[in-house]
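**Student:** Each chain, letter by letter, is given below.
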Amino acid sequence: MAGRLVPLLPVLLLLAPGCELTRAVFDPAAIALPPEESAAVAAELGMPPGEATEEHVLATVRKVLAPLPVDSARYADGEFHVVLGALDDQVLDAVTGSGSAITTGGWIGILIAGVSTSAGIVALAMKKASLVRRSRPATRKTP
Amino acid sequence: MKPGLRTSEFYASQGTAGGLFTLVLTESDWRVKAAALIAIGLVQAAYALSRGIEKAAGEEK
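Residue numbers (the working numbering), protein chains in the order written: chain A, 1 to 143; chain B, 1001 to 1061.
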C-alpha cells in the first residue's frame, strides 16, 4: 500500500525549483558560450581571445554576463568555456524579472502536491474502511 | 506508539510533511514557505480524517 504513495515524494522535489537538490541536478556545471555572447566578449576584449590572459578573459566575461555569477572562464578550442556560480534567488530574479515564473510554478506545484497527497491518503482510508465493512458477516433481521 | 498507527497513511503523511518542512527551513521565498506550510496542514488534516474513517469503520464492525 505504502509503495503506491512513495512515488509522490520525488514529485515534490521536482516541483520545487527553489530546492537545492533540484538546482544541483539541473544546473549546468560548465557551458560553452553561445555565438552571440562569444562575439560580445571578443569585441569587449579588444584583442584576439587567444592572446588575452586568463584574468582578462574572466573579467570581460563577468562584465558581459552580469549579473550572472561567473566562477571561472577560459578560452579554448575557439570557444569561451564558462563555469557559473550558484544561482541564488536574487540572481534569478535579476535575470528573469521580479516575481519570476519559476518561483510561481514552484509554490503552485507544492500546493498541488499537498492536495493530491491528501486526497490519496483519504481515498486509501476510505478503501480500507469499505473493505472492513465488506468483510463483516451479513446480519439477518430477526422477526 | 499505539498499535496500528504505523499505517501506509502514517508513512505517506509524515514523509510528505517532513519533505515540506525541509522546504520551509531551506527556502528563502515567502511564497514557497507559505505554500509548504499550507500543504503540511492539508496533509495532516487528511491523515487525521483517515484515522477517523478507519476508527469509525472498526467500531461499526
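No wet-lab data here; the hints were simulated from the structure. These numbers were taken from a predicted model, which means no experiment stands behind them. Warning: the hint list may mix true and false statements.
[Unchecked claim] Part of the chain B face toward chain A, derived, beta carbon under 8 Å:
| hint | residue |
| --- | --- |
| 1 | 1012 |
| 2 | 1024 |
| 3 | 1031 |
| 4 | 1035 |
| 5 | 1036 |
| 6 | 1046 |
| 7 | 1057 |
| 8 | 1058 |
| 9 | 1059 |
[As the list claims (entries may be wrong)] Which stretches of chain A does chain B cover? Using the computed rule of at least three CB atoms under 8 Å from a CB of chain B, they are:
| hint | segment |
| --- | --- |
| 10 | 107-113 |
| 11 | 120-128 |
[Unchecked claim] Stretch by stretch, here's where chain A covers chain B in the computed footprint (C-beta under 8 Å, at least three residues):
| hint | segment |
| --- | --- |
| 12 | 1014-1023 |
| 13 | 1038-1044 |
| 14 | 1048-1055 |
Virtual Cβ for every residue (Gly too), placed ideally from N, Cα, C.
**Student:** Would you mind marking each hint as holding or not holding in the structure?
**Tutor:** Cross-check of the supplied hints:
1. 1012: Holds: closest Cβ of chain A sits about 4 Å from residue 1012(B), inside 8 Å.
2. 1024: violated, 10 Å
3. 1031: holds, 4 Å
4. 1035: holds, 4 Å
5. 1036: holds, 6 Å
6. 1046: holds, 3 Å
7. 1057: holds, 4 Å
8. 1058: Check passed: Cβ of residue 1058(B) comes within 7 Å of chain A, closer than 8 Å.
9. 1059: At 10 Å from the nearest chain A Cβ, residue 1059(B) fails the 8 Å test, so the hint is violated.
10. 107-113: Held - the segment 107-113 of chain A has 5 residues with a Cβ nearer than 8 Å to chain B, which meets the minimum of three.
11. 120-128: holds (count 7)
12. 1014-1023: holds (count 5)
13. 1038-1044: holds (count 5)
14. 1048-1055: Since three or more residues must qualify, the claim that chain A covers the segment 1048-1055 of chain B holds, with 5 doing so at under 8 Å.
In this structure, the hints that do not hold are numbers 2 and 9, in rising order.
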